[in-house]
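Line order of the protein sequences matches chains A and B.
Under the numbering used here, think of the first position of the first sequence as 5, with each following residue one higher.
Under the numbering used here, think of the first position of the second sequence as 12, with each following residue one higher.
Rather than coming from a laboratory, the hints here were simulated on the basis of the structure.
Just so we're clear, the structure is a prediction, and the values are computed from it rather than from any experiment.
Glycine is no exception: its CB is placed at the ideal position from the N, C-alpha and C atoms.
Possibly wrong hints are sitting among the right ones.
[What the hints assert, rightly or not] Facing chain B, from chain A, some residues (calculated, C-beta under 7 Å): (1) Asn-34; (2) Leu-105; (3) Glu-109.
Here is what each chain is made of, one letter per residue.
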Amino acid sequence: AQTVTQSQPEMSVQEAETVTLSCTYDTSENNYYLFWYKQPPSRQMILVIRQEAYKQQNATENRFSVNFQKAAKSFSLKISDSQLGDTAMYFCAFGSSGSRLTFGEGTQLTVNP
Amino acid sequence: DAGVIQSPRHEVTEMGQEVTLRCKPISGHNSLFWYRQTMMRGLELLIYFNNNVPIDDSGMPEDRFSAKMPNASFSTLKIQPSEPRDSAVYFCASSLRQSQETQYFGPGTRLLVL
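Model the full structure from these sequences, guided by the hints.
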């Protein structure tokens, strides 16, 4: 069974600064997908970014980028130029063929003005 | 596309009553997932369907919970009878193919059982 671990329950960052959220996972699969979801106070689950394991290039979406280290089974999320609207719970998730999506425990990020 | 649609958005009921949550997945998606989120247990997968067929219901907590997907555009999650410990936010999500594709979540139904 796959496991996903987010070791930082809470983090804070000043507006306009950069912050990195950590995620590690454990799997014996070779082909899989990794995701970061954001859950603001509205409770809506919003996809932030997605990475296919077979791709060596790290995914980027505007201010959001990942550092995917397949050998280390690490998948961190970097948020540049943090904005107040980035305040949310962030979930790392793992998916592979034929299995359910596995979520981490979440990291509560607070962006301070 | 309207995204995943869930109704109701909020539900308050009394213990023992039947509760039905509804979900309309994104058109063209053939996998549908029901999740429950609580402070104590985080985000839990209850059941998922592929092509309207239940694939894995091992996350359904008890026989009081049941889920159906009569067609590709509609699913229900029913709790009968409801209990206070069922209070949670229930999410529906859909994707093109199980976990290989991105799951898109609905806004959730916030359920409070008194």
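We went through each hint and held it up to the structure:
no., hint, in the structure
1, Asn-34, "14 Å, violated"
2, Leu-105, "5 Å, holds"
3, Glu-109, "6 Å, holds"
Hint violations for this structure: number 1 only, all remaining hints satisfied.
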